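**Q** Spelled out from the first residue to the last, the chains are:
Protein chains: 2
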Amino acid sequence: MNAEILTIGDELLIGQTIDTNSAWLGKNLALLGVQISRKTAISDSENEIISAINEAFQRVDFLLVTGGLGPTKDDITKKTLAKLYGCGFRRDEGVSAHLESIFARRGRRLLEINRQQADVPEVCEVLHNEVGTAPGMWFDQKGKVLVSMPGVPNEMMHIMENRVFPRIKNRFKTPEILHYTAVTVGVPESLLSKQLEDFEKTLPPHIKLAYLPALNTVKLRLSGQSDESTILRAEMAGYFDKMCKVCGDAIFVREDISPLKHIARQLIQHNIKISLAESCTGGFIANQLVMEPGISKVFNGSIISYANEIKQRELDVPTEIFRTVGAVSEECAKYMCESALKKFNADIAVSTTGIAGPGGATPEKPVGLIYIGIATAKGSRVKKYYLFGTREQFMNRAANCAMMMVKNTLFDDFGIL
Amino acid sequence: MNAEILTIGDELLIGQTIDTNSAWLGKNLALLGVQISRKTAISDSENEIISAINEAFQRVDFLLVTGGLGPTKDDITKKTLAKLYGCGFRRDEGVSAHLESIFARRGRRLLEINRQQADVPEVCEVLHNEVGTAPGMWFDQKGKVLVSMPGVPNEMMHIMENRVFPRIKNRFKTPEILHYTAVTVGVPESLLSKQLEDFEKTLPPHIKLAYLPALNTVKLRLSGQSDESTILRAEMAGYFDKMCKVCGDAIFVREDISPLKHIARQLIQHNIKISLAESCTGGFIANQLVMEPGISKVFNGSIISYANEIKQRELDVPTEIFRTVGAVSEECAKYMCESALKKFNADIAVSTTGIAGPGGATPEKPVGLIYIGIATAKGSRVKKYYLFGTREQFMNRAANCAMMMVKNTLFDDFGIL
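Chains as they are written, first to last, in my numbering: chain A, 19 to 435; chain B, 19 to 435.
Do not rely on the hints blindly, as some may be mistaken.
As the list claims (entries may be wrong) - Derived DEER-like restraints, expressed as beta-carbon distance ranges: (1) B:K263 x A:E118: 56 to 64 Å; (2) B:H146 x A:K219: 47 to 55 Å; (3) A:G106 x B:P223: 32 to 40 Å; (4) A:A252 x B:P171: 47 to 55 Å; (5) A:E118 x B:A228: 50 to 58 Å; (6) A:T408 x B:S114: 39 to 47 Å; (7) A:K191 x B:L129: 43 to 51 Å; (8) B:K263 x A:E327: 41 to 49 Å; (9) A:F121 x B:A232: 25 to 33 Å; (10) B:P384 x A:G312: 12 to 20 Å; (11) B:V264 x A:G106: 43 to 51 Å.
Please keep in mind that the hints were generated in silico from the structure rather than gathered at the bench.
Small disclaimer: the values here were computed from a predicted structure and weren't measured.
Every residue, glycine too, gets a C-beta built ideally from N, C-alpha and C.
Whole structure, please, built from the sequences with the hints as guidance.
**A** As structure tokens, this is what we get:
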């Protein structure tokens, strides 16, 4: 079944607020078999609201509306809905009591402007909002359902989870929809799609493959839709498995998760201590790993060795390296990761040395050149990459390449799949 | 002038991607006097795309379309636009050459599927995309302008900044709009707005003040609109100066720039070497500084000392500190920054030690507690903060607090304003 989302509020249009509600709604409704076919953001204007709702109901039978339910003058959604449905207001006793208890708890007086939040259009059913002051509303008229909710993310989620999801299952017949996602690293979208060309042809019409490229990664997402939940599950699992086999080593993880987060979790789960000696990535990889709660169990620390003097003094890179092959070299990367392994008592250590740009390039060493080293007790290995983009993109790509090397090393040296 | 945004792609509807493009577009177009009046997200479906474009052009003359320009089968925007404008394709030589040079640089073969990215609808003008493979396209037919761009954020931003913004000024009549922005650190929005209450009353109707709060910072933006450019400029400068005086020490910088970027630039300009010893911020501050090109002139390196063992061995924190006051303490922060100063031959060193959460808290040391230390040859100082939010928010807030301390130290110890 298709549905649409309508968000009301200037803050979304002028870019003051990033709309995270829609992504949450899209993801969670998909799990119930409700496909969001369109999202529209408009301003707090009566004409805009009425015409956007009328347009949406020409396309779908189910519309989720967020925003414009606050107590202040610029919030006009409720008034506009009453006008649209041609009804008056009634004061809801449940909401009244809830407001009184909230204000009593905060030791504040309930003003008339607050009390009016209990006034709802007569034809709607109230969707109680325990975590806020504005109730949700369910309108079901002429075969079309409209749900109005506050735009505050946790209030919207609360109302959806506790009031709307159960009602959707009762009110609509929805098919089962499943998504299976795998993340690849290092293989471009065009090459993947060539590899998967034959596989794609075998897909039945109700299962689709999408390519979602980012920096040195492509997410492959299989989406299936059916009324036969058990059959679909088995079918999807089979196709997903085939797809992953076709891609072989390009598959980083058979889950919708970033390579850095996946590795952080793997390290924590298997108690493998990691350290880093970063030059050109300037702490980017360490910082991304450290974003994972619980990382302190497997991360003692790491060093950012930008200057040659620090590479030499803190990581024992011999000075002759700088005179001969230079700091951006396989040899330097090797010394760096091997020293970081010892210095921080780690089980696995990663080093980076390269040219992030825009300055610092030479004819032999262009912007984007990077050597990534990995050391464990069993030895070390270094790989050379050419990565492009801004400094930030360069670091992101380098991190993904490094995580692919860590993944392979976790398998080779620790037997972790 | 009003414009609309149309985003194409299932990933936005099923919630796999959060739409950050629209907020960026809304914010940056507003600076040019273009108001986003509606944003619509639809799937990669020809019918949907055509009807959404036709609907939008009934409301506005300017439509920005993002997404659906990849090389794979599910990307149909380009084909659909050619159909909509009733034209064929031409291969663009500039794009062809760009694709060849990208693939040559990466040492990869240019497949026909990649080469087709140089095929564009005959009636469009190509908006060259230096940072990606899919070009932007500018359609200007029957008084209506449609801009099609890739959905990848940095590519979209690159095309907007370099190709679309200049064209908007030429193609449309937009009034002169000026923005003067100052960034404050550490003072909450509610307090600032109280301080600025009287100042705000003196503003003429064509000059407005906006508060843009973020993590421990509030941007104060004065926006003026007029047809008399020279008069407006003088007027704005006067009001901006007054506003900054009212805020006093809360003003971090009189420019729309992040505190971290501002400090990085100050350090480079005055040749002051910085280093860091980060515990709870896990390389966040170092990595943000390193994002600034040219930082290598004043950044030798830094250490992330997560475990006590590393704080002791690498930064000479005495073991008795851990037994008595603990690693999250004023004393530990002091040792850390003083050692980092020496270890990395720096002129100024920053240390952080705290509880980023969600774990690790004790009744005396709650999540959010952090000590930040600053050392120079003249001595060191430590400040204690309570910062809240997720791990990432905690690190952002901590970085802003640290930058305020660096700014004050640059003035006190180096005479840099």
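**Q** If a hint holds in the structure, say so; if it does not, say that too.
**A** We went through each hint and held it up to the structure:
no.	hint	verdict
1	B:K263 x A:E118: 56 to 64 Å	violated, 46 Å
2	B:H146 x A:K219: 47 to 55 Å	violated, 35 Å
3	A:G106 x B:P223: 32 to 40 Å	holds, 38 Å
4	A:A252 x B:P171: 47 to 55 Å	violated, 38 Å
5	A:E118 x B:A228: 50 to 58 Å	violated, 35 Å
6	A:T408 x B:S114: 39 to 47 Å	violated, 24 Å
7	A:K191 x B:L129: 43 to 51 Å	holds, 44 Å
8	B:K263 x A:E327: 41 to 49 Å	holds, 44 Å
9	A:F121 x B:A232: 25 to 33 Å	holds, 30 Å
10	B:P384 x A:G312: 12 to 20 Å	holds, 18 Å
11	B:V264 x A:G106: 43 to 51 Å	holds, 48 Å
Checked against the numbered hints above, the structure violates hints 1, 2, 4, 5, 6; every other hint is satisfied.
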